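Colleague: Just need the whole structure built from these sequences, with the hints factored in.
Chains S and U supply the protein sequences, listed in that same order.
The number in the numbering used here is simply the position in the first sequence, starting from 1, with 570 added.
The number in the numbering used here is simply the position in the second sequence, starting from 1, with 835 added.
No lab work stands behind these hints, which were simulated from the structure alone.
Quick caveat, the model's predicted, so the values are computed rather than measured.
Be a bit skeptical, because a hint or two may be false.
Partner residues are not named here, just some residues of chain S that face chain U (Cβ under 8 Å, in silico) [to be verified]:
{"#": "1", "residue": "R673"}
{"#": "2", "residue": "Y674"}
{"#": "3", "residue": "V898"}
{"#": "4", "residue": "V931"}
In silico DMTMM-like pairs for lysine to aspartate or glutamate, Cα to Cα no more than 20 Å straight-line [claimed, not checked]:
{"#": "5", "chain 1": "U", "residue 1": "K970", "chain 2": "S", "residue 2": "D818"}
{"#": "6", "chain 1": "S", "residue 1": "K942", "chain 2": "U", "residue 2": "D1150"}
{"#": "7", "chain 1": "S", "residue 1": "K684", "chain 2": "U", "residue 2": "D937"}
{"#": "8", "chain 1": "S", "residue 1": "K989", "chain 2": "S", "residue 2": "E945"}
The beta carbon of each residue, even a glycine, is placed where N, CA and C say it ideally should be.
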Amino acid sequence: MPGNTPKVSPTLQALIDKGLVDSLPRSFAAFCFDQMKDWDLLFPAERSYFERLFGLLDRTSPEVVARLFQPLREIESRMGMTEKTWPRGIFTLEQVDFLNRNRYYPEWRAAVSKIFAQLDPVLDAEITRTGHARLVIVISPSQLPADPDRMWTRLEALGKRVSIEPPKRPEDFLPLLLTGEEQSRRAPTIAHSFAAGKKGGAYSSWIVEVADGLSRLGPEGSAVVKYSYDALAPYRKRLMKDVQSVVDAQETPGPRQFSARLKQMKILASEGEFAADPILAEFARAILLSGNGTLLINNTFVEWATVQAVRRARPSVTLVGFGIRNKVKPFSSLLIYADQDATNPIPSQMDTLGSYVDLEVFYQYVFQEFEKYAEYRKNTAYLFVGDGMEEMLAIAPPDFPLMQAADAQKLPQVFGHLKEWLGV
Amino acid sequence: MHLTKRRFVQLAGLSIANRIVPGPLLGQPSAKRPANKVIIVTFGGGVRYSETFAPEGLRNIPRLVELRKQGYFFKSCINSGVLSHFNSTASILTGNWQRVDDFGFQPPAGPTLFEFYRKQSGAGPMDAWAVATNKSFAQMGWSSDRDFGSPFGANVVLPKQLLLEAVQDVVKKGTEAGVANRDDILRRLEGVLSEGYEGVGWTIFQAGKKLDRQVRETLVRGLVEYINGPEAPTSGDELTFFIAREIMREFAPRLILVNFWDMDVAHWGSYSLYLNAITRTDRLTGMLWEEVQANANYKDKTTLLVLPELGRDGDQNTANGFLNHRSGDPSCRNTWLLAMGAEVPRGETERPVHHVDVAATAAELLGVKAAGMAGAPMRELLL
Chain S
571 MPGNTPKVSP TLQALIDKGL VDSLPRSFAA FCFDQMKDWD LLFPAERSYF
621 ERLFGLLDRT SPEVVARLFQ PLREIESRMG MTEKTWPRGI FTLEQVDFLN
671 RNRYYPEWRA AVSKIFAQLD PVLDAEITRT GHARLVIVIS PSQLPADPDR
721 MWTRLEALGK RVSIEPPKRP EDFLPLLLTG EEQSRRAPTI AHSFAAGKKG
771 GAYSSWIVEV ADGLSRLGPE GSAVVKYSYD ALAPYRKRLM KDVQSVVDAQ
821 ETPGPRQFSA RLKQMKILAS EGEFAADPIL AEFARAILLS GNGTLLINNT
871 FVEWATVQAV RRARPSVTLV GFGIRNKVKP FSSLLIYADQ DATNPIPSQM
921 DTLGSYVDLE VFYQYVFQEF EKYAEYRKNT AYLFVGDGME EMLAIAPPDF
971 PLMQAADAQK LPQVFGHLKE WLGV
Chain U
836 MHLTKRRFVQ LAGLSIANRI VPGPLLGQPS AKRPANKVII VTFGGGVRYS
886 ETFAPEGLRN IPRLVELRKQ GYFFKSCINS GVLSHFNSTA SILTGNWQRV
936 DDFGFQPPAG PTLFEFYRKQ SGAGPMDAWA VATNKSFAQM GWSSDRDFGS
986 PFGANVVLPK QLLLEAVQDV VKKGTEAGVA NRDDILRRLE GVLSEGYEGV
1036 GWTIFQAGKK LDRQVRETLV RGLVEYINGP EAPTSGDELT FFIAREIMRE
1086 FAPRLILVNF WDMDVAHWGS YSLYLNAITR TDRLTGMLWE EVQANANYKD
1136 KTTLLVLPEL GRDGDQNTAN GFLNHRSGDP SCRNTWLLAM GAEVPRGETE
1186 RPVHHVDVAA TAAELLGVKA AGMAGAPMRE LLL
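Modeller: Written out as structure tokens, the structure is:
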């Protein structure tokens, strides 16, 4: 067992102590160690996954496990993985680089995929047995220059377009959809209601958005996880400045050292209310510093944060609020870590058409990400909604009430269906 | 003397090269050498079939769609190597799958086409150029092979890095108008050329450690004219095109790599910006072909090979689709290649070719024997 064994749960520790991880192929074991090394910063769903994965391997006969991993062992040998190139339990950028540049990398990927193709159905079956109804609502901004028939074009074949009777006051659209009431009532959103229910709890309900149209709904101080690109502006701007300083100072000799520096750039209490929660604080840092373009483009932040939330936390209720990104100013493509507003005084302009094009792809990516996991398949209702739009797209199992709707729906009616679906 | 855009590279290059290169070698094809010229254009950064030659992508590349009718189209050009930028382009240039450091800390491991060409033909340094964007590509001009190396390498110019340096400096100073003030950019460009031009990619063969004063002034004037001109850049690729065209006009090299890069904005996660960049590169590639047709040194004696450096992850991929290019799925590896030229037949083929075949093909076109390449010449272009 390597000396850098992560601190994990007692259940998992017992399996590690039995030598279970040591018996696995070098790259597989190293990857798992790396994923588990910051155990305290993992979401409950992630911890549960590793406990179930190693529990399954422990329950399986050693001969079967050996057979399962044998192809990977053979490829590792051909790749030249030794104690020198792959010290036990270490998985850094050097190992990633080793894999990427190795001529057997495609075969290695295939072998790893084959292992999971055999493990996942068993693990998924455990999830399915304890599954429950889930809800995802993806909201597009009202400024998009598109009629409903030009929306969600990549997904429309999977669902049903549902007519909506818009409210008299446009600003009531989202409150009525998500709370069943006008905003002034400050009624709890469907996310709040679920988080407060018996299937809810910490990290079960998420709001990820560009601005604050969703976060400001409902009571304060709930268990709903909220990430807003706009609300994170102080942290984002500090990160950009700090990263640029590190780049300028040229103190970091390589990507590995640079990555280590980035890990130290944690959110301050003044920069976000979740700073007190180490798991959520680290999630924010990782989203902003390891996601492509998340510092720069609001909708990229929302998409990547949502995708990562699904991968890692597996929320039961997810409200996603996209927005309109600004046009890129001259020279901005050269200034990755610079605040556009500070570097160029030309007023920012909204790019509504560009945002429309961007979002048509992101709807698909977000939907696909949820559907990769057993938690969501066959028991999740997805609503793709345009703020103020008289039509929405519903993708859901046949028993989701809206799938039978024939007439135009009032928003409080839709909210009622959501409550019924989730049992809150 | 009135200095035009065209003059800046002319004076820069000639002033430098005069000190070290015998006059007859300056951009003058030797009578013993065949006159064929080769320009390799890469859609650097990577682009998928689905945004280019797939039916749904054709609207993004109107110029290439038209050019395809005049050239030879390989429907399947496969990148079987490491799916990083440096290794992909190095594989194109060496004819062997490269597995060196991804960040440009190592040169290509085997001789590049530039080195084969210059060593065998005796061509001078002004006869082989690489115009690129990514800073790591400063290592792209020659390999670590002891029998070849820098004496036979290409001039590598990274125009965008020069611009980048200037823009960043303006930002650091925090002036009121920021990068909107082109005068600030101008002043900083001049500073960059005084202090650290080598660091921003200019590896033009020079004798001394400093750029000649006249050269430096000319570079500044040329770049500033570009910045302030009607084609003021919002992207690096326009500058890349501008420099490549000037090199063609002044030195008429027989071998050029033009590595466009803007489409790598896909990493930002904006599909529309990615599409815009593809269309811009399409336009610039068309303009490059127009230059070939309009330039007597190139017309009827040039083969233009256009291909994506690599693809990008497919929409179904776990790695977040078009944003990345590391998954190794078919969308990442399967690209295309378009060949144009007076001696290039019109047509297309389903026969798969590979990125490493480009160097082998170009070597044949240049009349160079390139030993040890994994790639094979594309016989369709060598009739």
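Colleague: It remains to establish, for every hint, whether it holds in the given structure.
Modeller: Evaluation of the provided hints:
| no. | hint | in the structure |
| --- | --- | --- |
| 1 | R673 | holds (7 Å) |
| 2 | Y674 | violated (11 Å) |
| 3 | V898 | holds (7 Å) |
| 4 | V931 | holds (4 Å) |
| 5 | K970/U with D818/S | holds (15 Å) |
| 6 | K942/S with D1150/U | holds (13 Å) |
| 7 | K684/S with D937/U | violated (28 Å) |
| 8 | K989/S with E945/S | holds (19 Å) |
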